[in-house]
Amino acid sequence: MTSDMNQIVAIIAMATAAAASGLIGVFALTRRMTLAADVISHVALPGLGLAVLLNINPLIGGAAALILGAFLVWALERRTHIATETIIGVVFAASLAIGSLLIDSSEELLDALFGNASGLTVLEAAIGIIVSLAIIFLVIFFKDKFTLAFISPDLAKTSGLKVDRLNLAFLLMFVITVILGLKFLGVLLMGALIIVPAAASRNLAKSFNADLLTAALLSIFSVLIGFLIGKRYSLEIGPAIIAVASLIFFISVFFKKQK
Amino acid sequence: MENSILTVKNLGVSFGDQAIFKNLNFEVKRGETAAIIGPNGAGKTVLFRALIGSIFYAGSIIWAADVKIGYVPQRLDLERQLSLNLGDFLRLKVNILKLHKSVIKEVLNLVHLPAAKIKNPLGYLSAGELQRALIAFALIGSPGVLLFDEPTAGVDLPGEEQIYQTLHHLQDMKHLTLIFISHDLNLVYRYADKVVCLNRAMFCFGTPKETFTKEILDKLYGSRIMHHLHQDD
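The listed protein sequences correspond, in order, to chains A and B.
Per the numbering used here, the very first residue in the first sequence carries number 1; after that it's consecutive.
Per the numbering used here, the very first residue in the second sequence carries number 260; after that it's consecutive.
A couple of the hints might just be wrong.
To be verified - From the structure, some residues in chain B lie toward chain A, with a derived Cβ separation under 7 Å: (1) N354; (2) K357; (3) S401.
Claimed, not checked - With a cut-off of at most 20 Å between alpha-carbon atoms, the simulated DMTMM-like pairs for lysine to aspartate or glutamate come out as follows: (4) K360/B to D144/A; (5) K468/B to D452/B; (6) K453/B to D276/B; (7) K364/B to D144/A; (8) K478/B to D443/B; (9) K157/A to D452/B; (10) K206/A to E365/B; (11) K143/A to E338/B; (12) K162/A to D325/B; (13) K206/A to E291/B; (14) K327/B to E365/B; (15) K256/A to E388/B; (16) K288/B to D276/B.
By construction, these hints were calculated from the structure, which means they are not laboratory data.
Even for Gly, the Cβ is constructed at its ideal location relative to N, Cα and C.
Let the sequences and hints guide you as you build the complete structure.
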């Protein structure tokens with residue numbers, strides 16, 4: 001009974017995290033950080049490694065590293081005006097190297113990279129649900145400002161927006177969304193859950209609101225179906241989820257909206 | 260001074276250790292039309308971006324206290340697959356400024372864009388339509404001054420004439436101050452009250468009569484352009 005309850009809470013946590021990541025993905029694509037989105041999650045690795053070494057909850061280490069990473073990327077973007085992708089590419093390579101050095105057991109490394117859905121505690125799941133709902137609320141609240149700041153910082157400025165602050169807010173929300181999925185998807189796959197459903201939805205949606213809704217729904221669908229397939233055929237859940245999401249993306253290409 | 264909407268003093272912009280321009284001084288009064296001219300790479304768009312506060316600069320840029328700026332960039336670097344349609348795009352600013360939805364219809368009317376285009380994806384509008392969409396966007400919130408980067412770049416000739424008519428009409432109706440960047444010296448001569456001319460080595464400011472002298476234009480563009488002007492005269 002308790003394990004059933006745990007299971008249900010875990011599924012709800014995964015579904016709300018999926019909705020948040022679908023929504024964040026739409027803005028990540030608008031901000032043209034497709035590749036960046038995929039690799040920024042790797043910044044969690046050194047934190048996970050350090051946490052394992054210090055014997056604290058790896059999630060806390062990963063979260064700390066990601067938030068630090070968001071500030072780093074933001075500061076570098078402001079100072080150097082190099083494309084975000086270049087910066088994140090450099091930060092990523094360094095993180096992966098340091099992280100792999102710190103995490104010495106290969107089993108722990110695999111968990112960090114690909115996640116381990118069975119290990120989610122009720123407390124972790126409950127916190128996850130609350131944070132996911134907060135991200136969903138904030139994204140919807142800021143959607144006009146984010147969109148304008150990302151498609152044209154100049155137009156955003158003349159509309160009275162503080163573009164720098166919006167960029168920082170988004171990067172933080174982005175890494176918090178990555179943290180939400182760390183445990184069940186791992187650092188390699190969480191970036192994919194942010195980008196792939198949003199990319200599929202972009203092929204289908206004819207308006208921005210439809211895009212947001214479609215991305216969130218496709219993301220939830222991928223997580224639930226991936227979870228069921230994983231359980232049914234004793235497969236790793238994380239990769240199963242991303243396989244479903246990728247399949248949806250390939251199907252969406254054939255339904256690409258015609259202009 | 261009290262009638263002035265924009266006062267620029269000792270303005271300079273550098274990227275790294277490369278100076279784009281320095282020591283610019285000019286003033287634009289309410290209701291005036293000011294043109295910024297100069298060859299490619301002179302820093303005209305950079306000057307605009309400094310005026311809207313998008314880049315760091317040295318010197319001072321003083322806008323009148325109550326002024327609202329509408330900015331029309333030369334283009335919007337859009338991905339074609341963007342899910343934003345024209346209506347979504349205009350709604351962004353309407354929502355941010357907390358205005359009524361009916362503003363969208365008003366601004367579309369002002370720039371002669373049919374309301375039926377509202378559902379068209381932004382990435383699939385023609386160059387002329389996108390330009391109108393950008394003007395419409397700038398007009399949301401009733402700005403007192405319009406900054407217009409190359410109003411007619413990428414637009415065919417009838418489209419160009421229409422855009423100028425629209426701008427002129429708007430200026431009369433809304434008492435706008437208009438600051439525009441242009442390559443077309445004939446249009447500048449016809450429409451501008453003041454001219455700011457700019458290239459890496461020089462700067463001048465005055466009425467079109469004062470600035471369109473052989474000496475200044477020679478220095479600004481080199482000699483080739485003079486033949487065109489002589490023919491046009």
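> Which numbered conditions among the earlier hints are violated in the structure presented, ordered from lowest to highest?
Replying inline: Failing hints, ascending: 2, 3, 6, 9, 10, 13, 15, 16.
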